[in-house]
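**Student:** Model the full structure from these sequences, guided by the hints.
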Amino acid sequence: EGIELLRVNGNRLLETVLEMGKIGEIGLGSNRQALTDEDRLGRDLFVKWCQDAGLTVVFDEVGNIFARRNGKDNTLPPVMTGSHLDTQPTGGKYDGIYGVLAGLEVIRTLNERGVVTDAPLELSVWTNEEGARFAPAMLGSGVWAGEMELQSVLDIRDRDGLRLGDELDRIGYRGDRPAAARPLRAFLEAHIEQGPILEAEGIEVGTVTGVQGSRWYDLTIDGVPVHAGPTPMEYRIDPVMGATRIVSYLYKLAAAHSPWGRATFGNIFAEPASRNTVPERVVVNVDLRHPDAVVLDAMDEAFRRHADHVCGELRLNCSVSEIWHMPVTMFDPDVVHAVRSAATDLGLSNMDIVSGAGHDALYVAKTAPTGMIFIPCRDGVSHNPKEYATPEHMEAGANVLLHAMLRLSRFAQ
Numbered sequence: 400e401g402i403e404l405l406r407v408n409g410n411r412l413l414e415t416v417l418e419m420g421k422i423g424e425i426g427l428g429s430n431r432q433a434l435t436d437e438d439r440l441g442r443d444l445f446v447k448w449c450q451d452a453g454l455t456v457v458f459d460e461v462g463n464i465f466a467r468r469n470g471k472d473n474t475l476p477p478v479m480t481g482s483h484l485d486t487q488p489t490g491g492k493y494d495g496i497y498g499v500l501a502g503l504e505v506i507r508t509l510n511e512r513g514v515v516t517d518a519p520l521e522l523s524v525w526t527n528e529e530g531a532r533f534a535p536a537m538l539g540s541g542v543w544a545g546e547m548e549l550q551s552v553l554d555i556r557d558r559d560g561l562r563l564g565d566e567l568d569r570i571g572y573r574g575d576r577p578a579a580a581r582p583l584r585a586f587l588e589a590h591i592e593q594g595p596i597l598e599a600e601g602i603e604v605g606t607v608t609g610v611q612g613s614r615w616y617d618l619t620i621d622g623v624p625v626h627a628g629p630t631p632m633e634y635r636i637d638p639v640m641g642a643t644r645i646v647s648y649l650y651k652l653a654a655a656h657s658p659w660g661r662a663t664f665g666n667i668f669a670e671p672a673s674r675n676t677v678p679e680r681v682v683v684n685v686d687l688r689h690p691d692a693v694v695l696d697a698m699d700e701a702f703r704r705h706a707d708h709v710c711g712e713l714r715l716n717c718s719v720s721e722i723w724h725m726p727v728t729m730f731d732p733d734v735v736h737a738v739r740s741a742a743t744d745l746g747l748s749n750m751d752i753v754s755g756a757g758h759d760a761l762y763v764a765k766t767a768p769t770g771m772i773f774i775p776c777r778d779g780v781s782h783n784p785k786e787y788a789t790p791e792h793m794e795a796g797a798n799v800l801l802h803a804m805l806r807l808s809r810f811a812q
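Using my numbering, the letters of the sequence shown map in sequence onto residues 400 to 812.
These aren't lab readings, by the way, just hints derived from the structure by calculation. As the structure is a prediction and not an experimental result, all values here were calculated from the model. A portion of the hints provided could be inaccurate.
Claimed, not checked - Keeping only pairs whose Cα atoms sit at most 16 Å apart, straight-line, the calculated EDC-like set for lysine to aspartate or glutamate is:
id	residue 1	residue 2
1	Lys-651	Asp-699
2	Lys-785	Asp-436
3	Lys-651	Glu-598
4	Lys-765	Glu-546
5	Lys-765	Asp-731
6	Lys-421	Glu-403
7	Lys-421	Glu-437
8	Lys-651	Glu-700
9	Lys-447	Glu-418
10	Lys-421	Asp-451
11	Lys-471	Asp-517
**Tutor:** Take a look at the structure:
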């Protein structure tokens with residue numbers, strides 16, 4: 400009774416986020432890369448806060464942290480929320496951290512009001528989400544979901560040759576619990592959007608329906624190296640001519656699938672890289688993205704077809720090699736509905752949105768019903784000390800998290 404009136408303490412949430420941000424503080428942002436001394440201090444503070452809130456805290460073999468609040472029926476699978484505490488080398492104070500501490504604020508609010516959910520609740524901190532120190536990203540959730548092999552991850556080394564498993568031991572966060580998925584009623588991750596859409600639309604909360612798919616390629620085009628001066632344009636077999644036409648086409652292809660199509664060219668290099676020689680080879684790193692698997696497949700086919708056509712016309716040899724494919728991930732309809740309904744019932748403006756970035760929820764979704772809550776961030780800036788979310792948006796997102804978790808835990812079966 401009166402549960403619909405329950406609200407988090409926005410001032411306390413803000414204070415908690417800023418307190419965590421002081422660890423590894425660099426100007427406006429933070430540097431707490433995974434398994435550094437700063438990461439240990441951030442973890443220690445989080446664990447203390449959880450213990451103060453009466454939670455039972457455990458670590459697993461890859462350093463993921465789980466903090467549990469018992470429910471009325473502890474045989475029911477828990478409703479879990481969480482994100483990550485590690486940052487980029489020049490990171491902000493909100494990416495990941497907001498999701499972890501919004502979950503903690505939900506627990507504190509329930510404790511204050513004496514609310515006991517039917518199912519237990521859990522907070523999670525996933526190890527090395529950023530991938531800044533140990534590549535690739537999302538290692539903790541990847542191992543937990545069975546998508547990465549534990550020993551291989553423990554053997555990963557950073558740029559200084561330090562081994563992940565050794566650093567986990569050094570900071571005291573390698574636990575005995577198996578790093579393996581277990582039954583969950585649901586998993587929810589609150590997060591800043593890391594993009595400009597919500598702010599531009601004037602929307603307070605994004606109901607995340609899934610994570611867009613991504614395909615990475617190396618486009619390699621071979622021509623004939625000749626002297627830049629004596630060789631007329633019409634006589635050249637120039638791989639740059641082919642590359643520019645293909646890149647231009649892919650920009651148009653992404654625009655044709657607006658607003659979600661993406662085409663990015665993060666690196667373009669030529670051989671022999673001599674100013675006055677037509678290159679013999681050009682390699683373009685291509686990243687195509689879309690949240691609809693059918694559309695992404697169509698973009699892939701159109702890319703390959705157009706590359707063959709252009710290179711044939713210009714007497715060039717080309718190859719399109721796929722380097723990585725991150726499939727489209729659609730979140731669980733019931734969890735998405737719980738988020739959308741909570742935002743609507745709270746009177747918050749909201750819209751469905753697709754995540755353009757990977758998150759721990761991507762891996763958790765392979766094992767459990769999953770959803771995400773986005774809040775706006777100023778100018779869409781993230782992975783930058785200038786990253787910022789307003790206290791009002793943080794409070795709004797945490798209230799959505801609170802009521803979505805209440806809905807899901809009340810009906811856990």
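**Student:** With reference to the structure, classify each hint as holding or not holding.
**Tutor:** So, going through the hints one by one against the coordinates:
1. Lys-651 x Asp-699: holds (14 Å)
2. Lys-785 x Asp-436: violated (23 Å)
3. Lys-651 x Glu-598: violated (25 Å)
4. Lys-765 x Glu-546: holds (9 Å)
5. Lys-765 x Asp-731: holds (10 Å)
6. Lys-421 x Glu-403: violated (34 Å)
7. Lys-421 x Glu-437: Holds - the C-alpha atoms of Glu-437 and Lys-421 are around 10 Å apart, at most 16 Å.
8. Lys-651 x Glu-700: It holds: about 15 Å lies between the C-alpha atoms, which stays within 16 Å.
9. Lys-447 x Glu-418: holds (13 Å)
10. Lys-421 x Asp-451: violated (20 Å)
11. Lys-471 x Asp-517: Holds, at roughly 5 Å.
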